[in-house]
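Undergrad: For the protein sequence lines, the chains are A and B, in the order given. First residue of the first sequence? That's 15 in my numbering, and the numbers climb one at a time after it. First residue of the second sequence? That's 90 in my numbering, and the numbers climb one at a time after it.
Source of the hints: derived by calculation from the structure; they are not laboratory data. Keep in mind the model is a prediction, meaning the values are calculated, not measured. Beta carbons: idealized from backbone N, C-alpha and C, even for Gly. Don't take every hint at face value.
Lysine to any residue pairs mimicking SDA-like chemistry, simulated, CA-CA at most 25 Å apart [unchecked claim]: (1) B:K117 to A:Q108; (2) B:K117 to B:E174; (3) B:K117 to A:K163; (4) A:K163 to B:R277; (5) B:K91 to A:K163; (6) B:K91 to B:T102; (7) B:K117 to A:A88.
Label pairs and their in silico Cβ distance ranges [stated by the list, open to error]: (8) B:G243 to A:Q117: 39 to 49 Å; (9) A:G87 to B:P173: 22 to 32 Å; (10) A:C118 to B:G292: 57 to 67 Å; (11) A:E142 to B:K350: 18 to 28 Å; (12) A:G157 to B:D332: 23 to 33 Å; (13) A:G157 to B:M90: 24 to 34 Å; (14) A:S149 to B:G266: 32 to 42 Å.
Which residues of chain A face chain B? A few of them, derived with a C-beta cut under 10 Å, are [stated by the list, open to error]: (15) R38; (16) C78; (17) C118.
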Amino acid sequence: MTEELHQVTLSVNGVAHEVTVPARRLLSDALRHDLGLTGTHVGCEHGVCGACTVLLDGRPTRACLMFAVTAQGAAITTVEGLAEPDGSLGPVQQAFAECHGLQCGFCTPGFLTTITAGLRDNPTPTHEEAREMVSGNLCRCTGYQNIVKAVERAAELGRTAKDAS
Amino acid sequence: MKPAPFRYHRPATPAEAWETLAADPGAKVLAGGQSLVPLLSMRLASPPALVDINAVAGLDAIEIRDDGVHVGALVRHADLLASPEAGKVQPLLARALVHVAHPTIRNRGTSVGSLVHADSAAELPAVLALLGGSVVAGSVRGTRTVPAEQLFVGPLESSLRPDELALGAVFPALPEGAGVAFGEVARRHGDYALCGVAALVHGDTVKASYLSVSDVPTVVDLTGVPEEELGDVALQHLDPVGDIHATADYRAQLVRVLTKKVVRQARLDRLDDREAR
Ligand SMILES: Cc1cc2nc3c(=O)[nH]c(=O)nc-3n(C[C@H](O)[C@H](O)[C@H](O)COP(=O)(O)OP(=O)(O)OC[C@H]3O[C@@H](n4cnc5c(N)ncnc54)[C@H](O)[C@@H]3O)c2cc1C
Ligand code: FES
Ligand code: FES
Chain A
15 MTEELHQVTL SVNGVAHEVT VPARRLLSDA LRHDLGLTGT HVGCEHGVCG
65 ACTVLLDGRP TRACLMFAVT AQGAAITTVE GLAEPDGSLG PVQQAFAECH
115 GLQCGFCTPG FLTTITAGLR DNPTPTHEEA REMVSGNLCR CTGYQNIVKA
165 VERAAELGRT AKDAS
Chain B
90 MKPAPFRYHR PATPAEAWET LAADPGAKVL AGGQSLVPLL SMRLASPPAL
140 VDINAVAGLD AIEIRDDGVH VGALVRHADL LASPEAGKVQ PLLARALVHV
190 AHPTIRNRGT SVGSLVHADS AAELPAVLAL LGGSVVAGSV RGTRTVPAEQ
240 LFVGPLESSL RPDELALGAV FPALPEGAGV AFGEVARRHG DYALCGVAAL
290 VHGDTVKASY LSVSDVPTVV DLTGVPEEEL GDVALQHLDP VGDIHATADY
340 RAQLVRVLTK KVVRQARLDR LDDREAR
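Extracted from the complex, chain A is given alone in its bound form (with noise of 0.2 Å):
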């Protein structure tokens, strides 16, 4: 059976993609093989482990739970995307690099992603929130400690950022 292919219009970091993919092609296979975006990663490919977390409409998703043909229409930010213009890190980059959030960086860019837009939506989180912010995400690494302190870390420079402009 030759299988059917859909021409799918793929928003990625505010850029529009043409693809042609299968139906079943998973996001996540999309970005990282069509479109060479291979900063999404892929753990256990059925929604656990949160590595290929990416924001769809702004709303962190799970990029293996989902078709690619399913995204048209969508805005989708990848880790690529959270750079700053100029090609610097992001807030919540920066403080993943300043507080070792990462150690062999298999999970951080699902932590990444879930992380800056659970500041966008709570940008002074308590201790707590801050540990239920990054709770759907795994790491075999760094045991969370560090990671918990980058949320807050980020937080911190998220408020300097907005107080110097």
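Following the hints, position chain B with the ligands against chain A.
TA: Structure of chain B with the ligands alone, referenced to chain A:
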């Protein structure tokens, strides 16, 4: 870990969706995909076609009517949880929804999809059963209302026919002077519960609904049962089984502990309500 090929349909209206379901037998509805896509990826399911309802117009509303909260088939768990009106009319919804997976899954998964998926370890089926709510389904034959007690027929089995589209669900409003509460124990926050209990206290009536300790969401009438016996009476109607996550005995113990605790919270909820007025 990749789904098998399938034909893909993306209808724009409910009528188009159920016509497609009728015309392509074996097709499955794709809503939030948070349960279906893992099943497809693991090839535990390989339907010949999917009917993606994410572009269907008019299914994303939360409406408050006299009889309760009407939830459209495309309302995501996160939207229902964030709705202050829904929370006011039926506070049990938010109390249960915070236990449904993680926020990221709730952003995409639909509340109605969770009902139709009919997982006895899921929170919302137990809530719908306790409240006596219903699901409205449409097909080429017309629309019909399926009450909760007829909806859940077996593990992961609802009584919707293969060509029916669930259009929405109705969660009845909390009656005046009634109290509700929800509690569960999971290995990790956000995981499926080892045991969960929802309780409703109204006048002398006490009812509790259970997840993860029977094949289908089970409602037990505990009216008039002394506090110390609540759990054991409930267990006569439940069938906790052991698995990799917990032994049957441990689950039974959770039934005892949680029933007492959650029923007590529901009684207090009723008192709080009175004082507020
Ligand atoms: C990591 C993880 C953890 C989770 N933890 C929990 C948890 O703790 N508690 C919990 O309750 N759930 C949990 N879920 C499941 C989640 O709540 C799902 O979103 C929900 O069960 C199904 O909703 P959906 O919209 O994603 O449905 P889908 O996955 O799209 O569909 C599920 C099934 O329902 C059918 N269906 C869906 N909508 C309709 C409709 N309108 N008409 C007819 N048929 C329909 C589909 O054909 C399919 O068979 C978890 C999921 C993941 C990935
Ligand atoms: S790869 Fe998507 S959640 Fe693990
Ligand atoms: S840094 Fe290695 S998995 Fe998180």
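Undergrad: Taking each numbered hint in turn, which are not upheld by the structure, reported in ascending numerical order?
TA: 1, 2, 3, 5, 6, 17
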